[in-house]
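Q: Chains as they are written, first to last, in our numbering: chain W, 1 to 378; chain H, 1001 to 1626.
Don't read these hints as lab results, they were simulated from the structure.
Quick caveat: nothing in here was measured; it's all calculated off a predicted structure.
Wrong hints could be hidden among the right ones.
Short derived list, chain W residues pointing at chain H, Cβ under 7 angstroms [what the hints assert, rightly or not]: (1) 246; (2) 251; (3) 291; (4) 296; (5) 298; (6) 302.
Ideal placement from N, C-alpha and C gives every residue a C-beta, glycine not left out.
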Amino acid sequence: MSGPTFGISSPGPGTGHRGRLLKTLHLDGPLLALIAVIAVFGVFVLYSAAGGSTAMWTRQLLRLAVAVVVMLVLAQVPARFLRMLTPPAYLAGILMLVAVTLIGDVGKGAQRWLDLGLIRFQPSEIMKLAVPMMCAWYLHDRALPASPRHTLVVVLIVLVPTLTIAAQPDLGTALLVAVAGLLVLFLSGLRWRFIFSLLGLAAAAAPIAWYFMHDYQRRRVLTLLNPQSDPLGAGYHIIQSQIAIGSGGVFGKGWMEGSQAQLEFLPERSTDFIFSVIGEELGLLGQLLLLALYLALIGRCLFLASRCPSTFGRLVAGSITLTFFVYVFVNAGMVTGLLPVVGVPLPLISYGGTSMVTLLAGFGILMSLHGHRQLVRS
Amino acid sequence: MRQVRVKDVYREQQTFGLRTIIAAAVVVLALGLVAGRLFWLQIVRFDYYAGLSQGNRVRIEPLPPDRGLIFDREGRLLAENTPAHQLTITREEVHDLDATLARMVDLALLEQSDVERVRQVLRTRRAFEAVPVRLRLTDEEIGRYAVHRHELPGVDLAPRVARFYPYGPVGVHVLGYVGAISEEDLQRINPSDYFGTATIGKTGVERFYEDELHGVGGFREVLVNAEGRSMATSGAVADPLRAELPAPGADLELALDIELQRVAEEAMVGRRGAVVALDPSTGDVLALVSLPAFDPNKFARGISTVDYRALTGDPDQPLYNRALRGTYPPGSTIKPLMALAGLESGLIAPGDTKFCSGSFHLPNSSHRYRDWKKEGHGTVDMRQAVMVSCDVYFYNLAVSLGIQRIHDFMSKIGFGQPTGIDVYGERAGVMPSPAWKKTAFTSRAMQVWFPGETVITGIGQGYWTATPLQLAHATAVLAARGRHFKPRFVRAVRDPVTGARTAREPQPLPSVALGNSANWEVIVDAMVAVTTGAHGTAVHAARGAQYSIAGKTGTAQVYSVGQTGKYDEKTVAERLRDHALFVAFAPADKPRVVVAVLVENGGHGSSVAAPVARAIFDAYLSGAPP
Chain W
1 MSGPTFGISS
11 PGPGTGHRGR
21 LLKTLHLDGP
31 LLALIAVIAV
41 FGVFVLYSAA
51 GGSTAMWTRQ
61 LLRLAVAVVV
71 MLVLAQVPAR
81 FLRMLTPPAY
91 LAGILMLVAV
101 TLIGDVGKGA
111 QRWLDLGLIR
121 FQPSEIMKLA
131 VPMMCAWYLH
141 DRALPASPRH
151 TLVVVLIVLV
161 PTLTIAAQPD
171 LGTALLVAVA
181 GLLVLFLSGL
191 RWRFIFSLLG
201 LAAAAAPIAW
211 YFMHDYQRRR
221 VLTLLNPQSD
231 PLGAGYHIIQ
241 SQIAIGSGGV
251 FGKGWMEGSQ
261 AQLEFLPERS
271 TDFIFSVIGE
281 ELGLLGQLLL
291 LALYLALIGR
301 CLFLASRCPS
311 TFGRLVAGSI
321 TLTFFVYVFV
331 NAGMVTGLLP
341 VVGVPLPLIS
351 YGGTSMVTLL
361 AGFGILMSLH
371 GHRQLVRS
Chain H
1001 MRQVRVKDVY
1011 REQQTFGLRT
1021 IIAAAVVVLA
1031 LGLVAGRLFW
1041 LQIVRFDYYA
1051 GLSQGNRVRI
1061 EPLPPDRGLI
1071 FDREGRLLAE
1081 NTPAHQLTIT
1091 REEVHDLDAT
1101 LARMVDLALL
1111 EQSDVERVRQ
1121 VLRTRRAFEA
1131 VPVRLRLTDE
1141 EIGRYAVHRH
1151 ELPGVDLAPR
1161 VARFYPYGPV
1171 GVHVLGYVGA
1181 ISEEDLQRIN
1191 PSDYFGTATI
1201 GKTGVERFYE
1211 DELHGVGGFR
1221 EVLVNAEGRS
1231 MATSGAVADP
1241 LRAELPAPGA
1251 DLELALDIEL
1261 QRVAEEAMVG
1271 RRGAVVALDP
1281 STGDVLALVS
1291 LPAFDPNKFA
1301 RGISTVDYRA
1311 LTGDPDQPLY
1321 NRALRGTYPP
1331 GSTIKPLMAL
1341 AGLESGLIAP
1351 GDTKFCSGSF
1361 HLPNSSHRYR
1371 DWKKEGHGTV
1381 DMRQAVMVSC
1391 DVYFYNLAVS
1401 LGIQRIHDFM
1411 SKIGFGQPTG
1421 IDVYGERAGV
1431 MPSPAWKKTA
1441 FTSRAMQVWF
1451 PGETVITGIG
1461 QGYWTATPLQ
1471 LAHATAVLAA
1481 RGRHFKPRFV
1491 RAVRDPVTGA
1501 RTAREPQPLP
1511 SVALGNSANW
1521 EVIVDAMVAV
1531 TTGAHGTAVH
1541 AARGAQYSIA
1551 GKTGTAQVYS
1561 VGQTGKYDEK
1571 TVAERLRDHA
1581 LFVAFAPADK
1591 PRVVVAVLVE
1601 NGGHGSSVAA
1611 PVARAIFDAY
1621 LSGAPP
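Next up, chain H with everything else stripped away, as it sits in the complex (with noise of 0.2 angstroms):
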């Protein structure tokens, strides 16, 4: 049987009284204790606080941490930190603010156009804090510093240490490099974990890698004047103040080898464009160059407003990392790629011949695509047609291929999609699809996808763009015969207190997976026959190796000039001349390397980026197998 319970009000009231009593006990309890904590503070503790604040003032001076060092896989230094002397302004101590950046500038310790910059940074930082304001002052800034600190309450002088690179532009487009905070970099960062630290890492490396290499940064406390100078400290006062020690930011090992840089960039010396060297069998990134560069040493130091201009507005862009960013139609680069999926799809099978007349024209359309050769490549197989590339057999390869499995095999191989390398700004560039028309533009008619445009997406023209990474990322599968990694620049990381160094496993993707797995085979010996076959397009700047290569040349049409260009009969000229591209990878039958390469406006890839690649497999190849 079911309980009824019946309100009762008197107990009910009761139980309401007993209850009010302990709530008011707990309430003398808890009011007791904050008097209790109040006695502590005042009483027993007053000597103590009264120091910290009647007349002395405690001021928390920043240790900064001593940033992570950067070091190439043979173990040499990329990245260091140097004693330099930075100038700061602590706001509280300044008495007129506006008077002091005057005189600054009439001793030209400042420039009249960084004032403004100055005063934003100090409004957006706390008033005690000492706000560095120029990161490397010279010894002759130094001594008339000194001269006139007297006239310049709440400036001072600190040493710091600043960041180096020994091989200044060499490898600036991996490193990366450190400036001065900003306000953008301080939404993204916890100011007070930057508290004492100048700069922070902008680009490359540095940026991707900030949090590893900025370390842990520590505090001390140092008793003031009213003046904010420093007092020596002693007596009652002085025992309590703290100190916390800054922890380092750990140390990288990349996978970068800087002699093989060095030797890309000699190659490349005088042109624009980018070259990615890669290890197939894990991904590391051994080279990686994007001309022209600069000089990081200026970032770090405190770059003037006048040399950031000269950067900004170069028609060259040294800035921009052409092998990340820059997309560039692929070209004939993708052909072994092509014949690959055409191998795979079952529809043509190696001895397949096609005639090839010099052109090419759909059924039921007049419009002739053309070979590159006018007068033809007669009768190819496959295996000749990547080695003379020949454009008409692609074309018909393409046809019957047909769109939508072009794309989704060259999605499979990383198209169209960034490789997750371990830095910012990498571009997907462009795996067109009839799909991908349909988001890409907005107006109806561009949306159609016409059969042309799967014509000369068989040699890599047309909508399809890629960046030289993505190219030697793909070049890296048919090396490693599917197998697949992300392209990292590090590979291991280093304790700078222990010594300890951790190395990070190579992250495989998804292998490609051939219904033939011989097929690879095939496709590697017509990469092959490209530099040792009777006219095969790169035979001449693989004369004489001592290792097989594999490899494909590519031309890509260049379509505009580039915004920045200014209109001029010799540049423009210049500039409107083709990208030349090679992609390889050698030994051919055990690949340790896989080297693509763009050269901006170069011509032939036969001609001019060959060369490059060769360069890099002998420097790199030369040395003992790992």
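Next comes chain W alone, as it looks inside the complex (with noise of 0.2 angstroms):
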């Protein structure tokens, strides 16, 4: 599988100077390298995506160091102790989802924004890296798999902020923060009977969450399933966006030169849609290019957790490489017109400030589970 693969090439123990250094500060070389190569190809495509605009150029960059110093101060932090303050931040992640729902501002029709005075921000990114924490914080000095009771409990954890972050409504945050939590069930040996069974629950519950569906979520999963059914109203994203893909070819038009994202054919073009304007202006290869840039650092990451010591660490680093995977699929797919159009940025490309930080520092995380080796073993 592609995870060893990576590992042979990792710098490993006292193997020169800069893998020392790397080492002390408890990083990772390989992933820190991924990361930067995506950021520096997102960047540009972001430039040509706002129509050659500095400004968003600019705030991006600004956005990702901030990001960065996140991620660098995170891998800092003791495993032990990302541990012991999981379910303060994941019960203060649950309070300010309460309080977003009652006090939160009204933004594009959805109540998620907490205002804070100086900053306002989305409680519901919070709850990304805090669900996986505490379902692993739970699971992991128990028994595993864990017996019925235990991944009850488990899903129950998963399903309070799911629901919250549902009903403010946003589906995207909603989705990715299940598929968090329940993968640190899945990565735990949850016995496959059931992983079935919940498969069909979740397929009975289907009826019940379309009747609590917006009106525009359900348009969303009507276009889906017929994508012309609609061409003007929510078909008229994804059928853009295949044209932006399709006429790109193999070579693409070439950076800046993409016609339908320059003539503002392709609508949120520098948010979700960004794919497709990597489809039209630098075609198949370079599409390919950034899957292979995403394979290689999921499968990284996966080495990575593989090699964590502590079994609290394996699962939640595996839950956000996987959910790093989702991230990228669920984009790709809604651009290209495999699934839904579902409000889930491209990770380390999107325009977009809180889902960056969120991001590197689910790394940042990633990293200190992995390096800090000697004193969780102790």
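Using the hints, put the two standalone chains together into the complex.
A: What follows is the structure in structure tokens.
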């Protein structure tokens, strides 16, 4: 598998001066390099998607810088502390979600933002990390695979924030939070019969979810089932996106040359639909390159996860990695017309603040869990 | 014995490894799926998408659905679609919007006063949409546009179908009208459903049944060049262009009889007021008049600002639907129902008499409540009291019943609540009670219910108000001897494609059951006396009728001048006159039609309102019974 392949090229203990520095800082060289390459790739694409606007570009670089600092700081926190901080972080997240529901600002018809005077942020972003960590915290000192009773507790840990976020309504984030938590269960070795009954339950819950969905959410699902049913409304995004990608061909129309993107036919081109800009301007090769980079990054992270010294670390690191993959797949699937339009950004590339910080914070936690060996072992 | 499970770190690590490998396999598969999809889009279908995006662009052209037609109960066409030419602007094809709009004003294709509105509408629509800015051009304007077309890129002439109402103002307050889609309308519709549709139902049946009438829009893809003009569709790219035909809206069959409506409007000519005619056995609205009226075709054509101001500024308020939204004191028209409430309570019998001296006063009070007849009616029983409309008899009755009992009985008949007719904006009126007074007034002193207020409730004055529709509806309950139907405008829906007619069942409301059902006939008999008895108040209007009429006249005091009225001695004096009312049904034994007439400032119900009802009865009952 891809994981071990990248493990071989990783700097082992004591491989030179640079390796030692990284090790002291609990960082992983190959992972850092992959993140950097993808982020730089993203900044270039964003420059084009924003129509050559430097304002967007500099703001994104600034956010990237903030996110990198958060990542580096989190990597220094000993894994033990991360584990201890998990329950309070989870509870605080739940409280903030409730606060958002009660007093949050309404942006674009959905209640997501909490205004803390100086900064506005989405508590649901915290839950993307807090939920899998809480699941892992609950499971880490219990016999695995978890008994039905413990499994039920974990499902509740996932369900409470998921439903709150879905009610905001933010289907994309709710989905990612639920996936992150359930992946912990999967990685902990949840028995297949449970997995299949959970899947069955989800299928049974679908009609109920349908009942609670907002009109625009239903429309997106229907549009997926029959993409051409609503070419003027929800289907417009998908049709324009496919024209952009398809017309790119093998080599693309060239950077800053995509007519779909530059003539503003393509909606949300700097955020959720940036993958189509890559397809139009850099072609199949550009997109395959990006997919390969993602694959390498996921492989490296899975390798690191499998080498984490503690159960808590393995579960959290594995879940963070696979959630990252879900981001990639849901976004790429959406813009290519494989999946419904769900508001999930392309990780490390899409324009936007909180998701970038959350992603790199996740990698920081992952490196901490992998890097702080001595402390955990004792 | 309970099995104790021990944590096995080595096995857990192995499980994790296995699960990680499974996950990694899923990752590779999923990303492979995306890569495969990209291969399909970018290599296999490259020519198709490249054609769509490069040089030529696909424009989606809407195919608006045909709006459903509206017929009356005899199948006469009341609202149809006729061809017209409209002017549209596609924003992305306009080089300089300000200059284009200014040029259109120069060419008299657009009024200066409409420029800001057009700009606003354009902002709310997508750049590639052809947004209608003028709904119907005259032949002369079409010619002027054709000559200057090259100066106006992005401005197009498009054929469309426009709503046309062949009967003009007749029945306008039933049909309502369609007009240009406003920003307010956009809030309650899905804009993509109205892509290419220029108008939407604004009031009446056109508004209430908007979803049924509108249909489902279609579209077709057309290739346009950089200037946005359509190009011949040929070659490889032409094939995959898609098209979807629109589905027309459903046709509606109204309960209305447009000829009866015309008779009612002609009988009311020159008056302000309302007429409602119902079929008591179904709730069908046979005619519904509110005067003055207006021509709905002005709106369908795209009304000019000047015309619109003239309508909204008219002190007679032609846009106001008096039949549904006007609330008036019901006056003496409710006396038969009061008598029925008295009989039901057991407090009075039909033969009980009261002496009417021309006035009434409450015990321990010197305030005198006058009868309309100064010298009094002498000794009257219930039948005579209804026939001559004796106020003193009903003052007495109201005091014995008490306000709560009156309120409860009248609420069952529908007063104080909307009838639930299939149109928006109906008013509920007021059926007063001590509890109502507590919620209606904020000041403590005003919240107290005074005994004198019960007295005047007995003759339909005071706080009691009702719409003409409610009066007809309540009278229909009497006519149908307690059976009760929700009034309705639409009685069937027709599929325009298959022609299949789906009748809508009359919607029954809870019946009004009497302790003694013989009381219905006692009251109807008293109402027949109104039109036939020695001193009946409507004898004159009923003379020579081939059928028996049960009716009741009424006169309602006017309290204040309308707010929009200017002070002018002659008109104010006219506007302070009483409203004339008449409710009736015929034939009295087997009622086929119920009528409520209200003439604003008309004076006496007997001389002004009753003849209108008579005209309707003659017209409707001369035909064979259904």
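Q: Taking the hints in turn, state whether each one holds.
A: Each hint tested on the structure:
no., hint, in the structure
1, 246, "holds (3 angstroms)"
2, 251, "violated (10 angstroms)"
3, 291, "holds (5 angstroms)"
4, 296, "violated (11 angstroms)"
5, 298, "holds (6 angstroms)"
6, 302, "holds (5 angstroms)"
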